[in-house]
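First to last, the sequence lines map onto chains A and B.
Count the first sequence with numbering that gives the first Met the number 0 and you get residues 0 to 443, in order.
Count the second sequence with numbering that gives the first Met the number 0 and you get residues 0 to 111, in order.
Simulated from the structure, these hints should not be mistaken for lab results.
We put the beta carbon where it would ideally sit given N, CA and C, even for glycine.
Each hint should be verified, as a subset may be incorrect.
[To be verified] In silico contact screen, one side only, chain B against chain A (beta carbon under 7 Å); selected entries:
| no. | residue |
| --- | --- |
| 1 | M0 |
| 2 | G11 |
| 3 | S20 |
| 4 | R42 |
| 5 | M45 |
| 6 | A60 |
| 7 | A63 |
| 8 | N65 |
| 9 | S69 |
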Amino acid sequence: MKTIRIGCGAGYSGDRIEPAVELAERGDVDYLVFECLAERTIGLAQLARLRDPESGFDPLLGDRMRAVLPACRERGVTIVTNMGAASPRAAAHEVVRIARELGLAGLRVAAVTGDDVLDEVVAGGYALVESGEPVASLGDRVVAANAYAGIAGILEALGRKADVIITGRVADPALFLGPLVHEFGWALDDWERLGAGTVVGHLLECAGQITGGYFADPGRKDVPDLARLGFPLAEVAADGTAVITKVPGSGGRVTLATCKEQLLYEIHDPASYFTPDVVADFTGVTFEADGVDRVRVRGGHGRTAPDRLKVSVCYRDGFIGEGQISYGGSNAEARGRLAIDIVRARLAMAGMPVAELRTDLIGVNSLHGDGRNDVSPYEVRVRVAGRTGTADAARRIGAEVEALYTNGPAGGAGAVTSVREVMAVGTTFVPRDRVRCHVVVEEA
Amino acid sequence: MRLADVAHSRAGDKGTIINCSVIAFDPADYDWLVEVVTPEAVRAHMGPLIQGEVVRYLLPAIGAMNFVMSRPPGDSVTRTLGLDAHGKSLSSVLLDLPLPDRPDRRAVERVR
Chain A
0 MKTIRIGCGA GYSGDRIEPA VELAERGDVD YLVFECLAER TIGLAQLARL
50 RDPESGFDPL LGDRMRAVLP ACRERGVTIV TNMGAASPRA AAHEVVRIAR
100 ELGLAGLRVA AVTGDDVLDE VVAGGYALVE SGEPVASLGD RVVAANAYAG
150 IAGILEALGR KADVIITGRV ADPALFLGPL VHEFGWALDD WERLGAGTVV
200 GHLLECAGQI TGGYFADPGR KDVPDLARLG FPLAEVAADG TAVITKVPGS
250 GGRVTLATCK EQLLYEIHDP ASYFTPDVVA DFTGVTFEAD GVDRVRVRGG
300 HGRTAPDRLK VSVCYRDGFI GEGQISYGGS NAEARGRLAI DIVRARLAMA
350 GMPVAELRTD LIGVNSLHGD GRNDVSPYEV RVRVAGRTGT ADAARRIGAE
400 VEALYTNGPA GGAGAVTSVR EVMAVGTTFV PRDRVRCHVV VEEA
Chain B
0 MRLADVAHSR AGDKGTIINC SVIAFDPADY DWLVEVVTPE AVRAHMGPLI
50 QGEVVRYLLP AIGAMNFVMS RPPGDSVTRT LGLDAHGKSL SSVLLDLPLP
100 DRPDRRAVER VR
């Protein structure tokens, strides 16, 4: 019986790169998927695109492609990724450029677009689920609105023999389900198989989180060699059952326990896992050990896809300013608390409402190493964070913490400050016929 | 005994809502865990870290429960000024839930 081997080379935008190379070179995979697009990442990407139309895709796209393209080309591995973020076409140009640079003439790179529904949700009077207010009421704070698209665009790109498929926002499991539907010819209303395939995609989409990452708890749940954590691959059969495994010799482990944790990761009602392609049902899923670092998964079900697609609306939501400073030795906590009182008073004098502030005391051994625990706490690190409407006001928070060096309690050490713009995410839903995918294929 | 002695957990987020799985190391403990790790017990244990009701889903096929809860508005991924924007450390809070002794004192066999 035909089996498709599909690996996951990244579970978030900053993920390790070597495990993907290991999968490409030694995983014997047919497909390598990179899931790199968190909810608010696309808002940040859109901001980048507004500054430069040739940007707006994942900042590590080039590094990842240079690392895996040669092995993928040599072994006929098809790459599917949402690293296109706000600019799948610019990302595809970049991959074509890199392919030429690497001498990979003829490499076919597809850009899948259509998830951008900003005009639709602003003009169409759609309301945010969280506030009930229309998206349009956010005015020029709105940066991006992207629908969670399904497998349609990926299927079209595979039908057009693309070697690398770059999407914007698609549902994470769709990155895996697309290739499975393409290979096995599952009908688009074969809800049972689409549900089973979605389970496989869900298990793989966070990469190392099913091979022992986000899992170890020393003495309770030990995992070998996390520094060389292997990323997962699934051997999927035409009936949607699969074996989850990893490259032999890589770090980490694939066990019943790692699979169970990942099945329930970011899940609400396990009987109704909504995706654009199917509502999957995880409640019948079972896992069975199938050798070392091999777990067989079966029992995923599904039912009719929803009529409406989820849309993430990214909007600017002010700034967060932060400052930190440490105090050590006996009476450290009292000096830390005094420092906080001073900063609160200073910010109040500057007219900043105290309700916007959060203060923390952190610390174990950052100042003078281990072994100085005759007083407790031996050290505290003061952290002050505040939300503001402007970057200038946010900077003021860090500045007041830093000024404690010469104006605050004795022995203040190691102040750092930061300012960041907050990208908030709201939710709305659009009828699925408003999301039309479009595929462009370029050749290196 | 604490929950961590007999079960493991992973936290995930969707905006202001978080979920924590509770998975029995030994499936034989599952029915007992369903009895003692109730939504009310979780609600009380999590205290001000969450707000409103705790919803529990059961997955007997894998000896697991899924707890879905809301964080206070100020603690959402977007709004929080705290370090743990995603609530990823909340599974560690849940695992410290004190449990009554098990009816039978089987040695803890961790199924991996």
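At a threshold of 7 Å, is the proposed contact between B:S20 and chain A supported by beta-carbon distances? Since chain A brings a Cβ to about 4 Å from B:S20, closer than 7 Å, the hint holds.
Given hint B:M0 near chain A, where the shortest CB pair must fall under 7 Å: With Cβ-Cβ at 13 Å, over 7 Å, it is violated.
Interface hint outcome for B:A63 [beta carbon to chain A under 7 Å]: holds (6 Å)
Using the nearest Cβ pair, does B:S69 come within less than 7 Å of chain A? violated (11 Å)
Next item in the hint list is B:R42. Is there a CB on chain A closer than 7 Å to its CB? Hint violated; B:R42 Cβ to chain A Cβ min 17 Å, cut 7 Å.
Hey, does the B:N65 contact hint survive, CB to chain A under 7 Å? Since chain A brings a Cβ to about 5 Å from B:N65, closer than 7 Å, the hint holds.
Proposed interface contact between B:A60 and chain A, which counts if any beta carbon pair is under 7 Å: holds (5 Å)
Against chain A, with CB atoms and a cut of 7 Å, does the hint on B:M45 hold up? violated (17 Å)
Under 7 Å, Cβ to Cβ, is where B:G11 needs to be relative to chain A, so tell me if that hint holds or is violated. holds (3 Å)
The structure fails to meet hints 1, 4, 5 and 9 from the earlier list, while all remaining hints are met.
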